[in-house]
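Participant: Generate the whole structure from the sequences, applying the supplied hints.
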Amino acid sequence: MLASWMLAQSDYPIPMTNLTLGHYLFVAAAMFAIGLIGFLTRRNLIIMFLCTELMFQAAGIALVAFSRYHLNHTGETFVIFVLTVAAAEAAMALALVVLLFRRRESLSAEEWGQMKG
Amino acid sequence: MTELATTVWQGLAAAGLGAAEGWGVPPAVPGPMWIGLIPALPLLAVVLCTLCAIFKVKSKLPAWLTVGCLAASFVVTLLMYLNMSGSPMLSTAFTWIDVSWGSERSPRNLHANFGFYIDSLTCLWMLFVTGLATLIALYASEYMSHDVGKGYSRFFAAFSLFVFSMACLVMADNLILLYLGWEGVGLCSYLLIGYFYKKPSAVAAAKKAFIMNRIGDLGLALGIFLIFVKFGTVEYAKLFADGAFKEMLGHAMTGTSESWAKIPWDVKLIPILLMVGAFGKSAQFPLYVWLPDAMEGPTPVSALIHAATMVTAGVFLIARTYAVFQLSPSALTIVAIIGTVTALLAATIGMAQFDIKRIMAYSTVSQLGYMFAGLGVMTSVGACFHVFTHAFFKALLFLACGAVMHGFAGQLDLRKLSGVGKMPGWRIVGITMLVGCLNLAGFPLLAGFWSKDMILAQAFITPGMGLVGWVLLLTAGLTAYYTFRVYFRVFVGPQEHHPGDEAHGHDDHDAHGHGGHGHDDHGHAKADHKHEAHDFHPHPPGWAINLVLVVLAAASFAIIPLTFMGKHGGWVGDMVSHSSAAWSAPGEHHDDHAGHSHAAGDTHSHAGESSRSHDEEKLGTFLGMDPHAVMYYVSGVVGLIGIGVAYRLHLQGRTSAATSRADALLPMLGPIPKWAQNKWYVDEFYHFLFVRPLWVLSHIFHLIDRMLVDGLVNLAGILPRALGATIRPSQSGQLHGYAVAMAGGIGVLLLIVLLVAR
Amino acid sequence: MTMQSMHDKILELWPELVLFAGTCVVMVMGLSPKLAVRRMCAPVAGAALAVAGVLAALTTPEGRGLLPGLMPFAKVVVSVVGLAMLLLLDGTVDRTEERLIASGQPFNPLRTNRAEFYAFFLFSLTGLMLCASANDLIWLFLALELTSLPTYIMVTISRGGKAGARSQEAGVKYFFLGAMGAATFLFGFALLYGATGTTNLQAMKEFFAHAGEGGGITDLAIAGMLMSLLGVAFKIAAVPMHLYTPDVYEGAAAPVSAFLAFTPKTAGFISMILLCSTMGWTHGAGHSLPDLVRLLLWVMAALTMTVGNVLAILQSNVKRMLAYSSVAHSGYMLVALVAGPGSGRGITDNGLAAILFYLLSYGLMNLGAFAVLACLERRPGPDGEYREIETVDDLRGLCKTQPALGWTMVVCALSLLGFPPLLGFFAKVPLFTSAIAAGEIVLVVILGVNAAIAAYYYLRLVAMPLLEEPDATLPPAARTPFVSRPLAAFISAASVVVLVAFAGTLMREAGEAAKPPKATGHSNAAK
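Chains as they are written, first to last, in numbering that gives the first Met the number 0: chain A, 0 to 116; chain B, 0 to 757; chain C, 0 to 526.
None of these hints come from the bench; they were simulated from the model.
None of the values given here were measured: they were computed from a predicted structure.
Possibly wrong hints are sitting among the right ones.
Chain B is nowhere near these chain A residues, computed Cβ spacing over 10 Å in every case [as the list claims (entries may be wrong)]: (1) 35; (2) 39; (3) 40; (4) 52; (5) 80; (6) 97.
Pairs of lysine-lysine, DSS-like flavour, derived with a Cα cap of 27 Å [stated by the list, open to error]: (7) 198/B to 514/C; (8) 206/B to 149/B; (9) 59/B to 399/C; (10) 514/C to 149/B; (11) 55/B to 399/C; (12) 207/B to 399/C; (13) 57/B to 207/B; (14) 198/B to 149/B; (15) 59/B to 198/B; (16) 267/B to 245/B; (17) 399/C to 206/B; (18) 229/B to 198/B; (19) 229/B to 245/B; (20) 415/B to 198/B; (21) 673/B to 207/B; (22) 415/B to 673/B; (23) 57/B to 399/C; (24) 198/B to 237/B; (25) 149/B to 229/B; (26) 514/C to 229/B; (27) 237/B to 267/B; (28) 229/B to 261/B; (29) 229/B to 206/B; (30) 55/B to 149/B.
The beta carbon of each residue, even a glycine, is placed where N, CA and C say it ideally should be.
Facilitator: Set out below in structure tokens:
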């Protein structure tokens, strides 16, 4: 039901040729999954942060695709803001990583497991 | 149970118990504002004592402030009593809760003002609450003197706060304020039990009291909630005038199974829930275990809170909402049965204890059982009368025991004390103790005798309650025995004493205290608590303690004439029958008490007449005789037998404190005395039933949490290997553990949602 | 969005604008070489908060949006609790630094954190207020991130010296897991946008309401909603997104932990209320959330309460205990979220109003408990480090050694437990009644059982200070040299007691705040 509803869109001035919304969403979902799996498996703090960026940008792709599909610019506007927030997070992440590296001389997330229970 | 209940109810209905119109509270009239002073003055005392604590006052000032405020409060209560008219008075201090919602068609609102509902029941309760509180505060001013400058202000602040809360509870014009007071007295009791917080036993006792009371409070809260849901109000005046309520009361009075069916089950549940609340606060079976442990608190607290006032809050609740209790066919029957079971059980435990304060505690539980049984067999007058007399003599008994404890360095073991009454300076304590014991034992013509007798007689009259009557009669005998066991062993006989020490002492502060500070006139060494017996000089009580004891003893005589004042049930009966607790008991017209065959007021005449019109065979008898006529003699004789047995076993021919003739009897009884001494192992049973499983459960959850986190981490270790060689082997790190658990948790949650929904 | 509505919206944003201006001032002032100017950071922040609160109180809701009354109420609550928090935050950062400067070391703006700390505090509260004004998904996303990002830094820099290792560990866990949560709800937002074609919440609601007429709740929308709620669950520390909570609360300095227990949680609940409002409830009486969404919240509520409470029982560290209890409190509020606004007439059957009132009460009483910890420290040991009071044993006999703080702990713990007649009790009652009114009896039973379990650990916080003797082997805990911290504790304890008298008024206000808008055209047509 979902797929047929999505694929029904075809009367845009410039047709999307063979690429439909479904393809874009698949890419977005795959990117989100890859980001998540990377986040769960990698130990390097910088790589982990990049994985969260991947998840953010996956949402961005979905937004742009939906924006195109709905023929309005709201999604694209959203993406601009997402990029801004992602940039802010990147700045924070790097600062944090530097701070952590100074104390432990390591970038491994496993260094930080003192508190538990 | 149900069958029995139905029988009782058919019996009651046949006896023509007040048809719905037979019960009725006159419409409330506005009352004067100054009534608010009664709770306000103790509150003022709280503030003043707190200030004393902040400014570290090192004198007895907080005590005098408290005594002053409480005495003033008592005077205002007296004025209130003198101002009483026939109708209940309503006086609102300020608007508290006023919320409304619901659609326009059926608006609902919750009004609960900080207001007072004053009828004669309120007056009765407040008179003895404020009066006793004043006296006991005076007693405590001396008793707590070793704590001057340390916990003294704290003690009196909590003490006054208790009186304030109790006033809220009793004077409230709605159930929410009652609940506030209910929790308030619980809190103060908790604080004061734990007053000697150095002792682990005191802390444990405080905790136990807290938890046991929570169970009861849950019932009360649900009951109040149900009342609100069903009748749309929590104010007494509106509830009693509510149309739906009166209609259901009418159904209940008709008493046939069809009319019972017209009352919805959740309305029938209300009295049961309220009852659970009353059982918790008034220490009834199976929630009674906290009260004996509560004796870890200072003795004045035991006397005021755990004997005279707070524990009677349950009786008050049932008396106040007596009409609500008519809505269930089984509620009052359960009350009667539980009350009787409690009375007997506590009396048997009391017989086997050696700590005199604990004996008094079990005796309190037992007497509370009496009061509940009284309510259950439909004599609210008898129950309230017993509350009233019991408040005086039980406070007296506790204070006398407290004086002993104060003077003998915390010694409370009746095997270590003997002949105290004959020692120099102890005469007053001995005599007043005797007065209290005689009252408790139901010695003929004393106040305790009249009130106990009223409940006993009614138990035999109310149809289907004969067994209750017999058990209560047996309990009366046991009560007389254990009471005089204490008196004969501790206060008379050969003189002998072994002072207590820190290890057994209850108020261990005393053990150090009286030697050093506060009692210069004795001036014995501070090391008293280590002494051999011959080094130790018990110090007799001072003027404040003696004065209070004498006043209380005198009061317990002074209330005897009240029995004959007024009409049925004496002065107390008058007070109760003009309040919401009025409910005519079956066969009341049999009462030839002080020569009045007519019940008091219009309410009672109604009931009386309708009773006569029905056949009287339904009413119970005592061995074929009229219980009201013979019960005086029977209960008097039973009491005397109990005293006699105690005399034979514990005084006659006793040469030392530790031994008595009763010891010879013990082997014949097998393990029973030991079981009774161990309180029938109820505590151990509760521990096994409740405390252990919860602890196990929390550990299981902890284990699951560990397994979930670690397990998922390991699971996540497999996935990457399957995905590719580039991904490093998983190593368990905390951050990752969390991340995996979160992602896995989301997955599991979505799976659950999808599976359940589809 | 027309120019006119933009203009109106700006008018409603005065509190946020004032806070932002205050933030800028504080950020500059904190870098001044003069101690007197640096010291003015907190008062300026307080003034900005107070002005913002007054402005918020003066704002009249215009009857538009999903919950027109929500904005002023939530903003006033934020500024009131924020002011109390500010008192508590005093002295959290730069303590060592200021001592060095006082002993002659020159002022180095790179080494101090004061400016950032107070600025981030204000930023976070600005984000929180923006959450309450949100009428758009983009706005909501930005507001949520503005609330959270500053807290990551506040946690990380909240402790110095050796203890800094713990606050940094807390920071790294909080930040990375938070980013994962943010990505989750962002993806959910994207799907919601995809399903409806709009990010305006009001328009989304209209879209969902018109099933069969080119609208309706599609599977895609449900998927988006589930992901959004699960992502936002991180902010309120609900299961399964709760795992970071104990570590972060333990690692951060006590004042910051108190801040964490209020700010992101409030933002999360306001967002959840707004999100759920688009899909359910407002179509008139009898309408509930879609089954899947309701079920998700139901399971989440039950698990959150239970997990939080049973794990809190096992803790010996007070901050961890309070962290798990914070998880449990989120579960309680989720129950009311499941119940929804009911008839929407008053707080007793309006779960949303119950949440708003509970957030205020919880913010105040929880503040008190953390404030007691923040007011105490062990004297510096041989290494010259101050040690925070952390374990339950450290509270032993506090009512004797520090009576005022001890009693604050007792009162706040009792209130958190929901002990009548304290504020916490009055806050819990609407949770129960609204859930009963909505017919969620099983949840109510779970809630009741949990409220009972909570007694086990809260009573330890009551018994330790009140009934135990101070530990003679250790030097007694001393007061930290910041006068405003005890003040925050006493304000909290006093409000827990005093606000009971105004509980009726507050409940009425909360009920107004959570009233659904007047029936619109289509819901009339539905009748």
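Participant: Please name the hints from earlier in the document that this structure breaks, with their numbers sorted from lowest to highest.
Facilitator: The structure breaks hints 1, 2, 3, 7, 10, 13, 18, 24, 25 and 29; every other hint is satisfied.
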